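Asks: Starting from the given sequences, assemble the full structure and let the hints guide the process.
If you want the numbering used here, it's the 1-based position in the sequence shown plus 5.
Since the hints were derived computationally from the structure, they do not count as laboratory data. Computed from a predicted structure; not experimentally measured. Relax, there's no trap hidden among the hints.
Dumping the calculated EDC-like pairs for lysine to aspartate or glutamate here, alpha-carbon to alpha-carbon at most 20 Å: (1) K151 / D192; (2) K151 / E187; (3) K194 / E209; (4) K151 / E188; (5) K194 / D161; (6) K194 / D212; (7) K151 / E119.
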Amino acid sequence: MVAEVQDRFFQPVSGFDLPRFAGIPTFMRLPHVPFDHPRFAEVQIGLIGAPWDGGTTNRPGPRHGPRQLRDLSTMIRAQNGATWVAPFDLARCADLGDVAPNPADLMDSMARMEAFYTHVRAAGILPLTGGGDHLCTLPILRAMAKGRPLGMIQFDSHTDLNDVYFGTSRYNHGTPFRRAVEEGLLDPKRYVVIGIRGTAYGREDWDFAASVGIRIIPIAEFHARGAEDVM
Numbered sequence: 006m007v008a009e010v011q012d013r014f015f016q017p018v019s020g021f022d023l024p025r026f027a028g029i030p031t032f033m034r035l036p037h038v039p040f041d042h043p044r045f046a047e048v049q050i051g052l053i054g055a056p057w058d059g060g061t062t063n064r065p066g067p068r069h070g071p072r073q074l075r076d077l078s079t080m081i082r083a084q085n086g087a088t089w090v091a092p093f094d095l096a097r098c099a100d101l102g103d104v105a106p107n108p109a110d111l112m113d114s115m116a117r118m119e120a121f122y123t124h125v126r127a128a129g130i131l132p133l134t135g136g137g138d139h140l141c142t143l144p145i146l147r148a149m150a151k152g153r154p155l156g157m158i159q160f161d162s163h164t165d166l167n168d169v170y171f172g173t174s175r176y177n178h179g180t181p182f183r184r185a186v187e188e189g190l191l192d193p194k195r196y197v198v199i200g201i202r203g204t205a206y207g208r209e210d211w212d213f214a215a216s217v218g219i220r221i222i223p224i225a226e227f228h229a230r231g232a233e234d235v236m
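Replies: Written out as structure tokens, the structure is:
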């Protein structure tokens, strides 16, 4: 994915031109390009906010994540100091705005999110999302996996492969990838989970992973083998 020409419109605002505490915050100070923007069709990588945490069973607050990420990412500069790669010269990136959730309706929020990402996919844009709780990934996968299951590398403390919470809840932040496998959105043979740690409810999620072929690399194995070997 290489932009044909460097286009200043798709470059982040430099701290030399506007102080980092000034201006309207966007992801990485990139241009805000909503669906109706005349240059929307030129975007290659779209940064998207998913300000919703309706699937959270404990510690709500991830709904505020996109706004905070936009604010904090104003400190990002245009070139990597270790590799000297200038990523914004390689692809046309833009902030596409937020999905508009319905904080009072879980299923409607997921439908809205799926519709948003279906539009992004149809435009040929690669989405990069800031959430939001982990249930946000299910409607995103529903939109992006239409026609073929996806592979996934998941860095996480928890598998999110549980089946049901509280006896009836099948859609929450602990179940999205179980649902995604069941719906054929993820190919379990191309699905790796890295970094699982801490205490557990039991072995249900691990047993499910083993039964369908998902590879789990717990944090102890990661440390023993090292990042380079695991990757």
